[in-house]
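Residues per chain are reported as follows:
2 protein chains.
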Amino acid sequence: MQTIGEGWAFPLKRFMNEMELLECMQMRTVTDDCGKRHLLSCPITMHISENQKKALETQSSFAIRYKGEIYAVVHKPQFFPNRKEEICSRVFGCMDPAHAGAEPIMKQGPWLVSGETMHFTKRVAFNDGMDKYRMLPSEIADQIKAKGADAVYAFQVRNPLHNGHCLLLKDTRDQLIKQGYKNPILLLHPLGGWCKDDDVPLKDRMLQHQALFDDGTINPEHAILAVWPSPMYYGGPTEVLWHASSRVNCGISHFITGRDPAGVKHPNGKEDCYDVWHGQKLLVHMKQMLNGVEVLPFKVAAYNKVNQRMEFFGGPGCNKDDFEFISGSRMRAMAKSGETPPSGFMSEKGW
Amino acid sequence: MQTIGEGWAFPLKRFMNEMELLECMQMRTVTDDCGKRHLLSCPITMHISENQKKALETQSSFAIRYKGEIYAVVHKPQFFPNRKEEICSRVFGCMDPAHAGAEPIMKQGPWLVSGETMHFTKRVAFNDGMDKYRMLPSEIADQIKAKGADAVYAFQVRNPLHNGHCLLLKDTRDQLIKQGYKNPILLLHPLGGWCKDDDVPLKDRMLQHQALFDDGTINPEHAILAVWPSPMYYGGPTEVLWHASSRVNCGISHFITGRDPAGVKHPNGKEDCYDVWHGQKLLVHMKQMLNGVEVLPFKVAAYNKVNQRMEFFGGPGCNKDDFEFISGSRMRAMAKSGETPPSGFMSEKGW
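Residue numbers (our numbering), protein chains in the order written: chain A, 6 to 356; chain B, 6 to 356.
In isolation and in its complexed conformation, chain A is listed as follows (with noise of 0.2 Å):
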């Protein structure tokens, strides 16, 4: 709901209601009103009861309230079924319903409801201490003028940041200065919503990333730090496109994207779910679809183990054994057992 109100899935008004989720789900798009189709993978729905549904069938329109307050109304209802299995293999490329992006939507009620409008009558708030980095799009526009960018780069993730990604950032500043930009910021910006319990919780993520504001590891003038408010899909490919089509909301003129974006386990433990380099392919592959956002292709650092820093990866000179790839699983390992990680491999406040 959230996502919707605020803007995040332009041109989407409401839950998705029928043909637009068969678009979704088909297509990768959404189209206006105005008959423009905008890139948006990710199916955006409402699931209810057959008893919700039995009683909201008989209303021309209905609240939906979190903790006594109401925060949006539905009008006109529709409903249709939820194709869970559709949605899931069509979403996830995946026939296992235990894909931890599967997992909860196949335990969702049978109907989906939209209706002919919805009105956001609330600004969502969690007041768990993160709701200052929680800026709407047009906020986020507004610190990019205030900043004087001429570019700014969006980096969607869900761990701590490591030095590897901290290079890597720094490297596209310079990168897009050698271009000819003048002043381009980077819009760090953390997924907010569920994600797999086994993920870092958004507050330490927060407290890790603003840690790396204070240190002057990321140096804030040359940065925003805001939490985007979709939740985790674990949808590989198809959810890349999503992350990019998204930032495009709040005025970025450049997206970041990796290995493996929004990648996950195979539920058979034997591999990852998806190839690791379709998301950015595809990515780059549908640039045309995010009005004028380029896209910028990650490159890999990993751990040197002789130079004690993160370094990127490859090219020539590089020296294969003297490199370490230190996973975002490993980093939760060693931090949950309250090991230290190599030096050079994270800020110190930051770990």
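Some hints here could point you the wrong way.
The calculated EDC-like cross-link candidates involving lysine to aspartate or glutamate, where the alpha carbons are at most 20 Å apart (straight line), are [stated by the list, open to error]:
id: 1; chain 1: A; residue 1: 81; chain 2: A; residue 2: 121
id: 2; chain 1: B; residue 1: 286; chain 2: A; residue 2: 23
id: 3; chain 1: B; residue 1: 89; chain 2: A; residue 2: 38
id: 4; chain 1: B; residue 1: 152; chain 2: B; residue 2: 108
id: 5; chain 1: B; residue 1: 286; chain 2: A; residue 2: 38
id: 6; chain 1: B; residue 1: 208; chain 2: B; residue 2: 220
id: 7; chain 1: B; residue 1: 286; chain 2: A; residue 2: 121
id: 8; chain 1: A; residue 1: 292; chain 2: B; residue 2: 179
id: 9; chain 1: B; residue 1: 292; chain 2: A; residue 2: 265
id: 10; chain 1: A; residue 1: 89; chain 2: B; residue 2: 276
id: 11; chain 1: A; residue 1: 89; chain 2: A; residue 2: 74
id: 12; chain 1: B; residue 1: 201; chain 2: B; residue 2: 276
Calculated from the structure, these hints are not laboratory results.
As the structure is a prediction and not an experimental result, all values here were calculated from the model.
Model the placement of chain B on the given structure of chain A, informed by the hints.
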């Protein structure tokens, strides 16, 4: 190979390479050399075994041979994994590998092969008595011209035609004449490629269609009968996009689509795999991608037991109790057991 070589899958000029397959699976399109996206919703790939890959990867080109004859040559072969589970999930929207369209794909080899270019060296012929119906898109365009048609409405079919179909096809001509066309022509375009064992074989279907042309049930002056070379995918809403986009290549102006196109039972045996109206809804919604071809939603006809003929079902004055729906499976069962269908259901010569 025939589908690509004859131009039914324009702008595809070879078996899909990795990027073409990725775009097809995700976006239902393939991009041409000028950057224009064309609707192409079904994967057209060539799978090989591990051993075939080993043999081919040292070669600069290889030939595709059938019964000793070379039909095509692939230059600079490219290999990539045959992500069968992902392809099937995305195309069929079903988690069951026993889905009628998924089953043969799930049995394929682990690799796909494409090439920088592919040359087609010989026209495909089957020598089964049906080759005269296997017209190229350009040959159909020539026939359209010879008949002086100012509108051509294509009808995709994989079943014998009963009088309900024929009523629809005649009615379509009448409607187009009312719209101002002088000579609308039917392209009756049965699918000629692989289908399920319990579908009616091509030869029987062609004999049935020809019988309707011969006995005047379909006026041969107002119709062209040709075979379309694609296999069935049983891909429902995804496949109907392919049914329509492929026919754009032979110069049609209208495409008829009905209830549950390319539909199939879910392997769970309990339900249809697709929402029976999603195919028609999706195709009508996406018609701007058909290069000006209009989509004509199919009216449902059923057997009126009182009037002993096929009539359009529904609308004002329709007494639902007078009607009986005779499904394709029921029709096949009657034919198999030598039963005679109710009078008026199908032309006698056709039956």
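Results for each hint:
For a cut-off of 20 Å, the pair hint linking residue 81 (chain A) to residue 121 (chain A) stands: about 5 Å separates their Cα positions. Proposed proximity of residue 286 (chain B) and residue 23 (chain A) is supported: the alpha carbons are some 10 Å apart, at most 20 Å. Proximity of residue 89 (chain B) to residue 38 (chain A) is assessed by CA-CA distance (about 37 Å); at most 20 Å being required, the pair is judged violated. Only pairs whose Cα atoms come within 20 Å are accepted, and residue 152 (chain B) paired with residue 108 (chain B) is rejected, the gap being roughly 42 Å.
For the hint pairing residue 286 (chain B) with residue 38 (chain A), the CA-to-CA distance comes to about 17 Å; that is within 20 Å, so the pair holds. Between the alpha carbons of residue 208 (chain B) and residue 220 (chain B) the distance comes to roughly 18 Å, so the proposed pair stays at or under 20 Å and holds. This hinted pair checks out: residue 286 (chain B) and residue 121 (chain A) have alpha carbons roughly 18 Å apart, not beyond 20 Å. Straight-line distance between C-alpha atoms of residue 292 (chain A) and residue 179 (chain B) comes to about 45 Å, which puts the hinted pair past the 20 Å bound.
For the hint linking residue 292 (chain B) to residue 265 (chain A), the alpha-carbon distance of about 34 Å lies beyond 20 Å, and the restraint is violated. In summary, the hint linking residue 89 (chain A) to residue 276 (chain B) is supported, as the alpha carbons are separated by about 14 Å, within the 20 Å threshold. A C-alpha spacing of about 29 Å is found between residue 89 (chain A) and residue 74 (chain A), which places the hinted pair above 20 Å, so the restraint is violated. This hinted pair checks out: residue 201 (chain B) and residue 276 (chain B) have alpha carbons roughly 18 Å apart, not beyond 20 Å.
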